Structure formats: C-alpha cells, structure tokens
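S.K.: Protein chains in written order, with our numbering: chain A, 1 to 268; chain B, 269 to 1050.
The hints are simulated quantities; they were obtained by calculation from the structure and are not laboratory data.
Keep in mind the model is a prediction, meaning the values are calculated, not measured.
Be aware that one or more of the hints could be misleading.
[What the hints assert, rightly or not] Straight-line alpha carbon distances no greater than 27 Å define the calculated DSSO-like cross-link-like pairs of lysine-lysine that follow:
no., chain 1, residue 1, chain 2, residue 2
1, B, Lys1000, A, Lys40
2, A, Lys163, B, Lys1000
3, A, Lys163, B, Lys984
4, B, Lys636, A, Lys212
5, A, Lys59, A, Lys163
6, B, Lys984, A, Lys212
7, A, Lys59, A, Lys5
8, A, Lys40, B, Lys984
9, B, Lys802, A, Lys212
10, B, Lys961, A, Lys114
So you can see what is in the structure, the chains are spelled out below.
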Amino acid sequence: MQSQKIEEHFIAEKPFYLPQKNELAVALAAYANGLPLLLKGPTGSGKTRFMQFLAWTIKRPLITVSCHDDLSTSDLVGRYLIRGGETIWADGPLTLAVRHGAICYLDEVVEARKDTTVVIHPLADDRRQLAIEKRGELLTAPKEFMLAVSYNPGYQSVLKDMKQSTRQRFVALELDYPAPELETEIIRHEAGIDTPLARSLVRIAAMTRGLKDSGLQEGASTRLLVHAGLLIREGIPPREACHVTITEALTDDHELVGAIDEMVSSVV
Amino acid sequence: MEKVATALSLQRVIPDNQLNEWEHEELIEQLAGYDEQLAKAVLEQIAIIWPVSHALCFAFLEQLHNGLLCLETGQLAEWVKGILHAYEADGLRAARLYMADVENNFLCQLRGESGLTLAEARGRLAPYVRGISGRPLQLEPAAAAATDTATIFLPRDITFYREPAANFQVYKLLTTFQWGFISQDLYCQQQARSAAIHFPGDSRQQREGDHDDILARFFNTFADQQLAQDIYHLLQTLRVAVFLRQEFPGLLRDMQPFFGRLLADRPELQRQTGISYLLEKIRQWLLGQLSGDKAGGPGGHPLLAALVEAVWSGRADNAAIITATRSFYDACCQAGPVYEPLPALLFQGEFRPGEAHRVRLARRENTKQKFIEALAALLPPQASGGEPQEAEEKEAKPPGANVLETGASITPFRHDKAEQAEALRQPGEEPRFICLDDEHLKLPEELRDLAREIEEDLGGLPAFYIASASQRAGGQGKSPARGPLQEEGEALQGGLLYDEWDFRRQGFRRNWCRLHRKQLHAVTGTFVGNTLEKYRGQIMQLKRQFEMLRTRHLFVGRQRDGEDVDLDALTEACADVRAGLVPSERLYVRLQRDVRDIAALFLVDMSSSTEGWVGTALKESLVLLSEAMAALGDRYAIYGFSGMRRTRSEIYHIKGFAESYTDEIRGRIAAIAPVDYTRMGPPIRHFTGVLSKLDARVRLLIILTDGKPEDYDDYKGEYAIEDTRHALIEAKNAGIHPFCITIDRQAQDYMGHMLGEINYTFINDVRKLPIRVPEIYRLLTS
C-alpha cells in the first residue's frame, strides 16, 4: 500500500458545473462552520461533479472514497505496514484528509457496512475528531477539513438505509436531475453537441423518468444523456445511440425496452 | 333445471335476505328456463357481479337473453369481464351500453380480425404514453380517437398495413396526437391561461368560480354549434400539429408517408365552394404539410388563409384560437348557408368537450379529497380538550380568503393548533411550504403536486380545503380509535390487510385483500420416504454440489495487508533479517469473507389446479430441496398459498426461517394439498414484508406455481397479471430477488410481462421439476 500524497488530490482545472439552485451557497456556509455535508440524489445527477466543483472553489484537495460492503475501518483510517523490516504507518484516505485539511468525500456511503460508518461519527459533530486506535492518536480536524457523503435514496432497501444517528449529523442537500434548460446546457457542453439535440435528449430523459413507478427503477440520468450525446457526436445515428446508452441501460424488460425506443424515435 | 335445485344453488350465490320475494321468483323463473350447464354458468357470473353491484346484476339478467343470442355459454365469463370493466370505468350506464352492443363490443374482439388490436398494442403503448405524458393516462377502445383528458380513446384495431409494426406506428401517432391535445389544453381547463380568454357575448361577467365551462359558454354564442366546434377543433389540431412538430419531430418524420396516404384517402370535392369545402381544404393542406410537401400556403379564402397561417406559425394560444374561431365562423357563414360536416382527420378524432368537463369536475373533487386527506395526515392531531378553541377559531377564519392569516392573535394556544396552517403562495409560484405556527414545513412532494394541480384548475388554493384538513386532523386526534377501517367491525377480525394494484386506475385498492395465516398439520405417511428412496442418487449428488457452495470463512495468511499480523510470517521475516536476507513483505492475515448470507423463501402454489401430477412433483421438489439445503446451511422457509376471493387469501406455514428440517417439517410437506385459487398478490406482498425485515445480504423469494394468477372473483386475466407484476416489482424495489419457477404449458405469453424476462424459468416437463428446483436454487445463489 503506497501512502498517498495530498498534492495529487488538488483539482487543477475548474470543473464544469452549473448550479441547480442554492447548493453552492449552502455548501460554502456549511464549510465555513465546519458542518459535514450529505448529498442525496439519483445516480448520475451530478453529486460527484458538485464535490469537485466545491473543492476547486475553496481550493482544497478532494479525497474520494467509493464505499463498498467490504470497506473496513482500517481502509478509511489507515494501517501499519511492514517494509524493509520496519513497521510503517500508512494513513488511510480519511486520516489523510483530516491531517491536511482536505475534503473527504465518501461516495455511496450506504454501501459501506454500518460498523464502518460509525468511525465518522466523532468527525461529523462538533468534536471534529478522528480516533486512530492503533496508534493511540486522537486527531482534531483543522478548520479546512470537510466531510461529505452521498447516497441515493432511490434504492429503498432496508439494509441500504442510513442510520438516523449517522444522517442526523449532516447538512443535507438534495441534487435531483437538473431542470430542463439547465440539463440541456450541461449536455450541450459536456457532450459537445448542438442545443436542439441536447434538448431532445433531455426530453427523452424526462419521459423515462415518468416511468419510474411503472417498472423502471430509475429514469435516465444526466450522465446517460451525456453518453448518448458523445456517441452521436462520434457519428452514431441518434436513435441507435439512444438505444445503446439509454434504453438498454435502463431495463431488460422487453416491453419497456420497446416503449422507451418508441419515445426515442418520437423525439429524434 | 329443476326449480328447487335452482333455488338452492341461487341461495348459495345470493343470500335469500338480499332479494325480495318477487325478485327471487323472477330469477328462479329465468334460470329454470336454461339448461343445466347454462344455468350453472349464469349463476357463476351472478356470483361475480352481485357483490359488485346489485343494480348491475339485474341489468345483466335483463340483457342476458340478448347476449345469449350471440354468445356461447363458454364466452359468458369473458363477456361479464367486459361488462365489469365498463362498469368500473364509467358506471352503470356504460355497462348497459356495453351489454346492449354485444355484437360490436365483444364479437369483433373475439373474431380477431386482421391488423393490430389495441389489446395487442397496449403492452408497449401504455408505458409509452405514460412516459411521454408523465401521468397515468388510460387507454380505452372507442370508435374513433379522442380524449377526455383522463383517458385517451383509440380505435379497437388499426388495419392500415399488413405488418403489425407499421400499424403500431399509427397507434403511436394517434396516442401522441391526443396527448398533444391534452398538453395543449384543448378544452381550456387551465385556469391561469383561460382567465385571459375573452369573447364577445360572454354571458358571465364574473368568472372566478368557474363552475361553468368556458368552452360551453363560447359555443353557446353560435347559431350553428356543430360548425363552431368543428372549426375550433380543426384550428386546435393545427396548433397541436405545430406543437408535435417541435416536440416529436422524429415521429412526424417517420409518419410522413402515412400522412400522404391519409391525404389520398380524403374525399374529392365536387363543388369548389361552400363551408365544407373551406374546411376540407384546410384539412388537406395540413395533411400536405405533414407529409412533407411544403409548397404553398393554404390558399382559398384570403382571411381564412391568414388565420391558418397565424396558427401554423406557432404563436397562437387558446385565446387566439377562440378569437380565430369566431372570425373563421363569420367568414364561413358568408360562404354558404348549409354546412355538411365531412369526417375529421384520423388523428384528430372526436371532440368531446362535455366529457372533458365532467372529467375535470370529477378530478377536482378527487384532488380535493386527496389534498385534504394528505394535509390532514401531515397536521398534528389536536391536543385533548381543544374543542371549544376549535369552534372559536372556525369563526375567526376569514371566509372565502385564498390564504389564511397567520392567526397569531386568534388563540394563545398556538402550539397545539393545526388551524393556523397556511399555504404560503406567491402568485405564479407553486406552494412549497406550509406554515405551522412559526415553522415553515416543506410540503411533501405528493401534497405539493396536489396543490399545484388544484391551483392549475382553480387558480388558487381555496381556504376551506385547508380548513377541512385541519378539522379532520383534529377529529382524528380526539378519537384515534375510530379509523376508517375499524368501522367495518368484525370484518377486520383476524388476518392482515394488503393493498392490491389496479392497473386500470394505476393505483392501489387500499386494504383490499385480507390474508390469513394458517398452520399445515403434519401427516405421517410414506410420501417422504418414498421420495427419498426414488431420488436417492440425485440427492447424494445434490448434497455434494451444495456442500461445495458452503460458506468459506477463513483467514488467508501471507498477505501484503490485512486485519492482523501473520505471526508465522513475521517470525520468519525477523529470522530472515537476522540472517541478513531481505524479508518478505507479506506479513498479514486477511479474513476472507465469503459469507453466504442468503435467506430464501419458497412460496408454493396450492391452488386446486395443482391436483395430481403437478402437486406431487411440487412436493417432491420441496423434499429434495430441503435435503440439499441441509448440506448448504442457507436460511430458508417454505410457505404455501391459496385462497378464494379477496377476503380469504391464505398462506400455509410449512417451515419458518428459524425452524430446522425435522420430521415434523417433512410431515407438513407431505400434507401439502390443493385448496382453492391462485391470488398471488397478497402472499407476495406479505412475504416481501417478512423478507425485508430479515438481515441477509441476499434475499430470495422463489415462487413455485403451475399457472396464471387467478381467483374466483374478478382477479383474472390482465388485472391479476398486472397486480402480480406490481407485487413483484414492489418486492424487487424492496431489495428482494423474486424468482418464479412455473410449470404452465402456456407460460410464455404472459410470464415475460409479469416477471421481467430474466426472473423466471419455465419447466415444461413436470417430471423434471424435483431435480430442477434445487439446481435452479444453486445457480441462482452461486
């Protein structure tokens, strides 16, 4: 395990992000007061991008951890390694962020086991402390440090729900899919396609989102639309591009696939 | 049929005390006139209709004679299903019409004429229209395309082309066009926009209440209402075509040849004058435009051409269309005295302002109730002893105000008060908050949508909606025991209530089914022993296979990183260092988590149709499965289900998750026997709940069934399939993996739709079932 260098986590270029509403103001206010941030929203709606944008705005490094169900506490905090006959302590991403006053962003935090997420509790309230048990060290986070987590409320599984004791520590921001004009602008920019085409893609997405209770788990995300746009720009005919990026990505149900393709062919 | 026997069987269907004497006499008389088989079939149908509506049942008996002239006995059930559909959709009158028109309504569907029928197109068309509109619009068959804003009516079949795919495109066009009418507010129902509509001769000065229908008032100002409506509808069609050209360019492009074909089918006009000619010329011009022939303006009468061009340019709104209709009408009246209507365009269909208005009123009432209920649920119940203050407050409310005052001065007991609820509303902005005392609570999405809908319809949120809600919230607080359910009394005794999905309304029938839990008493017998003997070889093999799937839960040593130090490796490394060697860096142990944290619930169909071979095979497969599971150690449970009607859905306890596989359980498996019908929704919903509460990484709901969901009442066909499908989707959304193993020979038609194509398997040879079930389980979980 190589210890990570904090410099690698600075975001050099301004990420493309168009605010949906007041999220930047809220996040900055939370940051100024040392409050942790919870981003809610469907997949592909811009949560990660927003974090990058925030990190760039406040000129702090961003350390992202994609959570999974095998993520252990030492994966977050750090562990001893032996190298060349000596034991070396290697900071985990969370410790690294605390030491250097970075933003630690736990993506899809509900995927991590509940006992793992407990380690962030003292960091997420006014103590702002991280206990490193193995070293007997108690770190207090500097003012620059920020904790942020994200989760997708769309997966309404009992097991994948956040504990109240965890979620009640956060300032919660909901990032839903952007409003149509905004989403058009985002896709136009990200995929490099013209506005009418971007607008058509947004309309298709809106239609699939309307199917959410009729068999689809989620509608097409902004990210999918960008993918469709990229393929179209590469010369794939629009209907085919939408079929492979949107229709097939959303469902395996034969009839729904048919219906979504019909929507696509109505619009483009 | 003998009268005494008839009376007896009738009594079983309708209790004597529900019929008066002469009704009873007449019914017996009628039934006695049929032969035994027919009388039995009719009685069966009466049993279905009677609980739905007595009046409908009498109407049915009245029409039965006519119906039987064209129907076979075997078709009776289908016919009744259609009648109930019509009844539930539009009430008794619609059901009567349906019955009276047995020839058209029913036989055509059965004959299966060429082309694509709406029933065939529906599977794809329904999600399509839901997607493009974002709301639960219904699709119903009718003579011509039309809409009343809640339902899109479509022709029963489309026969333009030989290929179903091409005909489907026509359906798609009709549906999209009718949705265009709804979205563009054909019937002027959006308050904010229609407030701007003025026309000379408007009989009502004050329009705030809007109890009247703007369009009705408008058309009343014309001498020839038919002509005025046709003009209005045609102009709106142009407007919608403009809208579709913008929003659905792909569709219009695809359909260009079809528009050309429609154009060729339009009637040739002998006379080049007259009102009909003027209108027809515009229709043909529109078709020409849509078919891609861009040349020229509409021509003809210069004023009309100008009006049409104005609409076609896309700048017209409803107010402009109203004005244009008037000018158009006046110009037409100069063209000739007589108006002979020509058929409307196919996609334009019928204009039904009256129906749309009725739907609007019904929707308004419905939204109002829903809003009040939802808001009442949100408001805290009133504190005890609050009654006098409540009365006081009611008086203090300014009557008719759109927005209530904050009311700080009304009562000092503000913190207990719900009446201070106030919807904060800025003009043109949707209400998002509700102000309760000093707190601004964000409205839940559902309520916000309702509030927006109400605003769109009425132009504001009437104060009495909020007042009623707070009254209701207060009322519930005072006597919490008096919920709507308990009022039914004994009906609630025993059993759990479950919702049922009604696809026609795209919503749940709340607490519709009652589910009873029953024990299955073990029987001693040779069944299990025989099965074990019969499949001895296979069981050995299964056990071996299952053992290989067992949980591995072990520490792996000599890793680069891990939970703990690997002492062996460390010692070795130290030794190496001492020895002057380069030590290994692999000094950790890591816990290999390969936990099979799986909980599986097997739900076995115990409907009467499993009698015989299928039932035996089902039981054998459970024995084999249990044997194999013993080797694996996964948690599993087995339940049977059956039942009759929505009031008696039953599940039979065979093995719980906590129980181990003992002789008692073996005895219960042997005791599985066919019971009644297959109502799949309630047991699936029940076990979804059970499984959701289990803490397991993977939760499986495996359903073993021999066929379609079906119950004694109207839980049949599409309704049953849609409910089952929805119950499975709910399970899936709850993080459970439903899987269906079916032994139906005709399974493929509907299973794909019901289960999503990957979640079922189909076994056509019953004898293979016992071996296949454990195998499927193994594949599912490895």
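S.K.: Indicate, hint by hint, whether the structure satisfies it.
M.R.: Against the structure, the hints:
1. B:Lys1000 x A:Lys40: 22 Å, holds
2. A:Lys163 x B:Lys1000: Holds, because 22 Å separates the two Cα atoms, which is no more than 27 Å.
3. A:Lys163 x B:Lys984: 42 Å, violated
4. B:Lys636 x A:Lys212: This hinted pair holds, its Cα atoms lying about 25 Å apart.
5. A:Lys59 x A:Lys163: 31 Å, violated
6. B:Lys984 x A:Lys212: 26 Å, holds
7. A:Lys59 x A:Lys5: 16 Å, holds
8. A:Lys40 x B:Lys984: 41 Å, violated
9. B:Lys802 x A:Lys212: Not satisfied, since the Cα-Cα distance of roughly 49 Å exceeds 27 Å.
10. B:Lys961 x A:Lys114: 16 Å, holds
When held up to the earlier numbered hints, the structure conflicts with 3, 5, 8 and 9 and fits the remainder.
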